[in-house]
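Student: Residues in the sequence shown are numbered from 1 upward in steps of one, following full-length UniProt numbering.
Derived by calculation from the structure, the hints in this document are not laboratory data.
Don't be surprised by glycine CBs; every beta carbon is placed ideally from N, CA and C.
One or more hints might be untrue.
Said to hold, decoys possible - In silico PhoX-like pairs for lysine-lysine, Cα to Cα no more than 25 Å straight-line: (1) K138 - K127; (2) K15 - K32; (3) K38 - K15; (4) K138 - K32; (5) K15 - K46; (6) K32 - K46.
Claimed, not checked - Derived Cβ-Cβ restraints for the label pairs, each shown as a range: (7) I208 - R63: 20 to 28 Å; (8) E84 - E107: 30 to 38 Å; (9) R80 - E29: 40 to 48 Å; (10) Y62 - I208: 28 to 36 Å; (11) E52 - A162: 35 to 43 Å; (12) R187 - G144: 45 to 53 Å; (13) C155 - A49: 36 to 44 Å; (14) Y86 - C155: 25 to 33 Å.
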Amino acid sequence: MALYRDHGVVLRTSKLGETDRIITFLTRENGKVRAVAKGVRRPGSKFGARLEPTSNVALQLYRGRNLDIVTQAETLDTNRSLREDYALLTHAISMLEAVDQVAQERESDPVMYRMLEGALRTLASEKSPIVSVAFLWKLLSHEGFHPVLTSCARCELEFGDAVEPTTFDFGEGGALCSSCAAGGGRRISADAIVVISALVDARVRAVIDQPPSTEVLLEVEHLGVGALEHHSERRLRSAALY
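Generate coordinates for the entire structure from the input sequences, incorporating the hints supplied.
Tutor: Set out below in structure tokens:
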């Protein structure tokens, strides 16, 4: 087994035996890593509460055949405020689960790591659900899904006074005009298209400063969840929490 160091955000944990846990991290240099934290469930464990979901930690691990072993963990950011507020926690968990679904084991993706640790920090400071919604769309963009929003994703007619978007089709990769939308996709409003465009173009601050209505934000969120589920071919279970 080879010893290595990395930084990682805890995505999830699961019990192993009587006293251990399997911790899933998104690491900066090694992609998604699953590792055993021995004795972490014992009172007085040397890891304390460092290995809880949302925590960002500096790690020392031994590389194993199937599972690595955590030997050291030093806190970089606990993001404790997220775990103390149920509403914020649900949004944080949705980001963690989304990353868990798309990140590849042992494949370095420092951009995704920076996106996640930055989004968690921003969610803790801004306390706005817009942060997690923006993260879903930015993650999709990072994975190569760039929604077509200015023209019909099927017939390619530009949207305007004569041609309006009516639905969003995940398979087509964007909004459809009324002629192409028959029987497919989810309804999408003009306001939702404006918000999604801003989030994809990294104008998150503008959306936070001038937030959309709750109805529009939920529409944008549900479309983002649907697009991610279509992309990953897996359900985002945390979406049911809100």
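Student: Check the hint pairing K32 with K46 against an upper bound of 25 Å on the C-alpha distance.
Tutor: Within the cut-off at roughly 23 Å; holds.
Student: Are the Cα atoms of K38 and K15 separated by 25 Å or less?
Tutor: Roughly 11 Å between the alpha carbons, so the hint for K38 and K15 holds.
Student: Given the hint that K15 pairs with K46, test it: the Cα-Cα distance must not exceed 25 Å.
Tutor: holds (17 Å)
Student: Just to be sure I understand the hint, the distance between the Cβ atoms of E84 and E107 should be within 30 to 38 Å; is that true here?
Tutor: Given about 33 Å between the Cβ atoms, the range holds.
Student: With a cut-off of 25 Å on the C-alpha distance, tell me whether K138 and K127 pass.
Tutor: holds (18 Å)
Student: Could you tell me whether the CB distance from C155 to A49 stays inside 36 to 44 Å?
Tutor: violated (54 Å)
Student: Taking the beta carbons of I208 and R63, is their distance inside 20 to 28 Å?
Tutor: At roughly 40 Å between Cβ atoms, R63 and I208 fall outside 20 to 28 Å, so the hint is violated.
Student: Range hint 35 to 43 Å: satisfied by the CB atoms of E52 and A162?
Tutor: Because 54 Å falls outside the window, the suggested range is violated.
Student: Given the range 28 to 36 Å, decide if the beta-carbon distance of Y62 to I208 lies inside it.
Tutor: This hint is violated: roughly 42 Å between Cβ atoms.
Student: Using the beta carbons of R187 and G144, state whether their distance is inside 45 to 53 Å or not.
Tutor: violated (25 Å)
Student: Is K15 close enough to K32, meaning Cα to Cα at most 25 Å?
Tutor: Holds, because 18 Å separates the two Cα atoms, which is no more than 25 Å.
Student: With respect to the beta-carbon atoms only, verify the hint that Y86 and C155 lie 25 to 33 Å apart.
Tutor: violated (45 Å)
Hint check: violations occur at hints 7, 9, 10, 11, 12, 13, 14; the rest are consistent with the structure.
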